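Visitor: Use these hints to put chain B onto chain A, whose structure you have.
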Amino acid sequence: MERRTFLKVSAAAGGTLLVPVFGNAIAAEELVNPMAIQFKKALADAALNAATKAGASYCDVRIGRYLNQFITTRDTNVENIVNTESSGVGVRVLANGAYGFVATNVMTADAVAEAARQAVAIARANARLQSEPVRLAPVKGVGEVAWATPFTKDWRTVPVKDKAEMLIAANKAALATGATFMTSMLFQVNQQKYFASTDGSYIDQDIHRLWSPFTATAVDKASGKFRTRDGLSSPAGMGYEFFDAQPRHKVRAAGGVTTLYHGAYDIVEDAKAAGRQAREKLTAKSVEPGKYDLVLSPEHLFLTIHESVGHATELDRVLGYEANYAGTSFATLDKWQSKKFKYGSDIVNFVADRTTPGSLGAVGYDDEGVPGKRWDIIKDGVLVNYQATRDQAHIIGEHQSHGCSFADSWSSVQFQRMPNVSLQAGRKKLTPDELVKDVKKGIYILGRGSYSIDQQRYNFQFGGQLFYEIKDGKITQQLGDVAYQANTQEFWNACTAMCDERDWRMGGSFFDGKGQPSQISAVSHGSSTTRFNGINVINTARKIA
Amino acid sequence: MKKLNQEDTKRITDKVLSLSKADECTVTIDGGRTGNIRYARNAVSTAGLVENTSLAVSVAFGKQQGTAMINEFDDKSLEKAVRRAEDLARLAPENPEFMPTPSGAAFKASATFSDKTDAIDPEFRAQVAAYSIEACRKNKLVAAGFFTDESAFQAIANSRGVFGHQQRTSVDFTCTVRTEDGRGSGWVRRDASDVSKFDAREAADVAIEKALRSVEAKALEPGRYTVILEPAATADLLAYMFGAFDARSADEGRSFLARKGGGNRLGDKLFDEQVNVWADPWHPDVPVLPWDSQTMLPREKMDLIKGGKIAALQYSPFWAKKQGARAVGQPGNIVMAGGSKSTAELIANTKKGVLVTRTWYIRMVDPQSVLLTGLTRDGTFYIENGKIKHPIKNFRFNESPVTMLNNIDELGRPEILAGDETPLQLLIPAMRVRDFNFTSLSDAV
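Chain order of the listed sequences is A and B.
Its first residue numbered 1, the first sequence is counted upward by one per residue in the UniProt record's numbering.
Its first residue numbered 1, the second sequence is counted upward by one per residue in the UniProt record's numbering.
Hints may be right or wrong, so weigh each one.
Reference excerpt, derived from the structure (chain B facing chain A, CB under 8 Å, subset only) [what the hints assert, rightly or not]:
id	residue
1	Ala119
2	Phe146
3	Arg396
4	Ser442
Taking lysine-lysine pairs in the DSS-like style, the calculated list, with each CA pair at most 25 Å apart, reads [said to hold, decoys possible]:
id	chain 1	residue 1	chain 2	residue 2
5	A	Lys221	B	Lys321
6	A	Lys285	B	Lys218
7	B	Lys260	B	Lys321
8	A	Lys335	B	Lys15
9	A	Lys428	A	Lys379
10	A	Lys543	B	Lys269
11	B	Lys260	A	Lys543
12	B	Lys269	A	Lys221
13	A	Lys379	A	Lys429
14	A	Lys172	B	Lys80
15	A	Lys221	B	Lys260
16	B	Lys351	B	Lys218
17	B	Lys3	B	Lys21
18	B	Lys309	A	Lys225
19	B	Lys389	B	Lys218
20	A	Lys221	B	Lys322
21	B	Lys393	A	Lys335
22	A	Lys225	B	Lys322
23	B	Lys309	A	Lys221
24	A	Lys543	B	Lys306
Simulated from the structure, these hints should not be mistaken for laboratory data.
All values derive from a computational prediction rather than experimental measurement.
Ideal Cβ placement from N, Cα and C applies to all residues, glycine included.
In isolation and in its complexed conformation, chain A is listed as follows (with noise of 0.2 Å):
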């Protein structure tokens, strides 16, 4: 689930001490120098040489440099400008058939050697309350090798006054078109991961991600009604030549209401859009309850994935691993099992990769140093796979890792995340505006909004950015107070059309969370404009005293 860790950032920017929730501040000259692979190699090896000698059957060591920027403004003023530094090194231990894990931002070779011993020891105390041993499907280890996203334009060398002079424009924009107030930021990210394993890996890799949202405030005081319109930008797995948007990266939403991104963002032209719609959803119509068929934009759908598919998927949620805290899972291992469950209708197909290029998800190797790979979810409607890690695979009756296992920090045991898993577009030629054409009675969503599933992954309730009332084959006016409930797979069973590939693209979540202690994820998950028939709307207006 999508987690609050970004208001806890967005919070932590506005206050007058400007601490930073990432980590170590380091000065800008120092962002591109990478530590030397010699040392991570040499350190990796003291943790494995200890370990190994203390007793333990297995061990990896991930030796982690996380960098991230982030710019936080409010109308024309800069309100923080952070860059923050987290080093040090994970080791993680199979002794007595049981994990131990413990992490030391201390970068010596005494330091890690004593951590691994330390890994063991608490995996022997864990074994007291192991029913069953541990067992690892297996892995080539593929000697030293690495693995980097694809970028032009690294952000950690454009000048940071012209990433503030970029959101001032957009907040600018925002408020010459309707806006009362204006916040924007900016998040860039560089995980800088080196991984090795008793298994004989050595793998370096440099991922990037950003992300650049915004909420345009409109505010009617006579009648003290406010209405906000975020930002449609997706976060991507790429360099700052995201912001480099060129005609053929916009897409023209159905019936031309808005502007979309696809491949790279214009955050100035959206926020221009934003502030008008902001002011328009001040007196948009609000919706009359009831089913509606549902046409949702891909900006939107994703986190409907995200949370029904996504995570339902997940293997460990399947088997009771997250029962106390993110949950468990509907898509029980017997309706995987019969080969026939219907988690969507014969036109829904669900991939999960770590390969798609600009992904939020895309990597070489997890952090088990299993290499990143695409495989089938959910096919012509019936749920044929989960997520895997290294020592799940067998209970699937698979005999390799699917690479799912992820830490958020050095500091962190890495453990069960989902990989993009994503709606694949239609087969059939249509496009948005043809989409529309068939609905009647229906609703057009743009745009990320609340969300909320149950623990199993089943009840669910949406609301998003924009809505416009479709009527008889027309898009109309804007709606407000809109939210649909319905249960993923009466839901899923309810698609009836998807737009084909032209029209796919990707939505994601920079800070997914799961597990205890909470960690973060990104993700990207991709659909092309897809409806829905016949879910049910609820009126959301309320009054309070």
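Guide: Chain B only, in chain A's frame:
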């Protein structure tokens, strides 16, 4: 590194402040260790120990600010941190809303540290897990839980004479117990600063009893019901609402506390008269640090809601200056007055109603009315004639805590809690509330 005492941190902060050439310099040192054990399927899945100490230096040249953090404490590293912060500040644009941190203030210490909590070791953690795992195995139930303990300190200082150093400890325990067939689920949460107030057996028994009682849940039609909300069921609802007690948002017309036509609703009666809420850093059950580390302002004991009226809004230093108000440290805890009755006694006084153990995945639907949605989870029961009659399926709700606090029938005994998604320490009562709005059923167990 070893946990730094007050003498250590004073020496370090004085050194850092002396190194800075900026108009203003502030320093924060955070350190400590966090241990945890996580279990599921009646076995330990992970256990960890993380130790870390960090130094944050924030400087300002006029209205230009910069911040740096490091994990090293030798003289060279301290100087490096100061130079980095100063470099960043020189690159940053001026912030017209910049406010200097406060001048020297005395902080009255709060009792946030417990020797017993500080002494927790891996054996203790394993034993906490073992209690619920062994009891569940005996009862053919399945336990999943998480116990974490922290022993930490924070020191703050600035170039205007502020200095504070204090240690704190905490434990947090949650446990979900499910029946083997997955038809029943119970949950418990316990939080404390002093681990001697935590009883792992008692906590596990609560989750076990709820799990056993929750099988064969019946469906009840969605609608408005009288509900008894255990403290954990309202923790995050209240935290969302208090998150909107910001004076600036209200004054600018973008919060539920904005007054139609302009201004805010300070002094307005928005809740039932039984609602009394305050913040108190020195409260013996939920003590928190006596300062707000973001602003370095002292926290104060202050009413937030008194007799149902809005008693205070929170002002940032900038907004306080602009509006002629006084800024104080943001609260770290929320205390809500209750009664003396246990949840069982509240149930005994209920003719028809729904008992809610826990709420889940709460999100803001409409900030104008603080309309929140979320679900019940891990133990939802139907009450008739003062007794729990049978378990019921979980509900989705769409409800505003403002409405909820207007519909209070009776309040129970307050309990110590940490919310799922709030940093606030809470001491809040169980509540019996009329007309709570359940909008759909959830089949999830």
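Visitor: Would you mind marking each hint as holding or not holding in the structure?
Guide: Against the structure, the hints come out as follows:
A least Cβ separation of about 17 Å between alanine 119(B) and chain A goes past the 8 Å threshold, and the interface hint is therefore violated. For phenylalanine 146(B), the interface hint holds, the least distance from its beta-carbon to any beta-carbon of chain A being 4 Å, beneath 8 Å. Restraint check, arginine 396(B) versus chain A: the minimum CB separation of about 6 Å is within 8 Å; hint holds. For serine 442(B), the interface hint holds, since its Cβ comes within 8 Å of a Cβ in chain A; the closest pair sits about 4 Å apart.
The hinted pair formed by lysine 221(A) and lysine 321(B) meets the criterion: a straight-line CA distance of about 23 Å does not exceed 25 Å. A hinted pair counts as satisfied when its Cα atoms are at most 25 Å apart, and lysine 285(A) with lysine 218(B) does not qualify at roughly 38 Å. Straight-line distance between C-alpha atoms of lysine 260(B) and lysine 321(B) comes to about 23 Å, which keeps the hinted pair within the 25 Å bound. With a C-alpha separation of about 64 Å, the suggested pair lysine 335(A) and lysine 15(B) falls outside the 25 Å cut-off, and the hint is violated.
A hinted pair counts as satisfied when its Cα atoms are at most 25 Å apart, and lysine 428(A) with lysine 379(A) qualifies at roughly 17 Å. A hinted pair counts as satisfied when its Cα atoms are at most 25 Å apart, and lysine 543(A) with lysine 269(B) qualifies at roughly 15 Å. With a C-alpha separation of about 13 Å, the suggested pairing of lysine 260(B) with lysine 543(A) holds against the 25 Å cut-off. Among the hinted pairs, lysine 269(B) with lysine 221(A) is consistent with the structure: their alpha-carbon atoms are about 21 Å apart, no more than 25 Å.
Distance restraint check for lysine 379(A) and lysine 429(A): the Cα-Cα separation of roughly 20 Å lies within the 25 Å cut-off, and the hinted pair is therefore satisfied. Simply put, lysine 172(A) and lysine 80(B) have alpha-carbon atoms about 37 Å apart, too far for the 25 Å limit, and the pair is violated. The hinted pair formed by lysine 221(A) and lysine 260(B) meets the criterion: a straight-line CA distance of about 6 Å does not exceed 25 Å. Between the alpha carbons of lysine 351(B) and lysine 218(B) the distance comes to roughly 19 Å, so the proposed pair stays at or under 25 Å and holds.
Distance hint between lysine 3(B) and lysine 21(B) is unfulfilled; the C-alpha atoms sit about 29 Å from each other, more than 25 Å. The hinted pair formed by lysine 309(B) and lysine 225(A) meets the criterion: a straight-line CA distance of about 22 Å does not exceed 25 Å. Proximity of lysine 389(B) to lysine 218(B) is assessed by CA-CA distance (about 11 Å); at most 25 Å being required, the pair is judged to hold. A C-alpha spacing of about 20 Å is found between lysine 221(A) and lysine 322(B), which places the hinted pair at or below 25 Å, so the restraint holds.
Restraint check for lysine 393(B) and lysine 335(A): the C-alpha separation of about 22 Å stays at or below 25 Å, so the hint holds. Restraint check for lysine 225(A) and lysine 322(B): satisfied, since their Cα atoms lie roughly 24 Å apart, inside the 25 Å limit. With a C-alpha separation of about 23 Å, the suggested pairing of lysine 309(B) with lysine 221(A) holds against the 25 Å cut-off. The straight-line distance between the Cα atoms of lysine 543(A) and lysine 306(B) is roughly 22 Å, inside the 25 Å bound, and the hint therefore holds.
The earlier numbered hints that this structure contradicts are 1, 6, 8, 14, 17.
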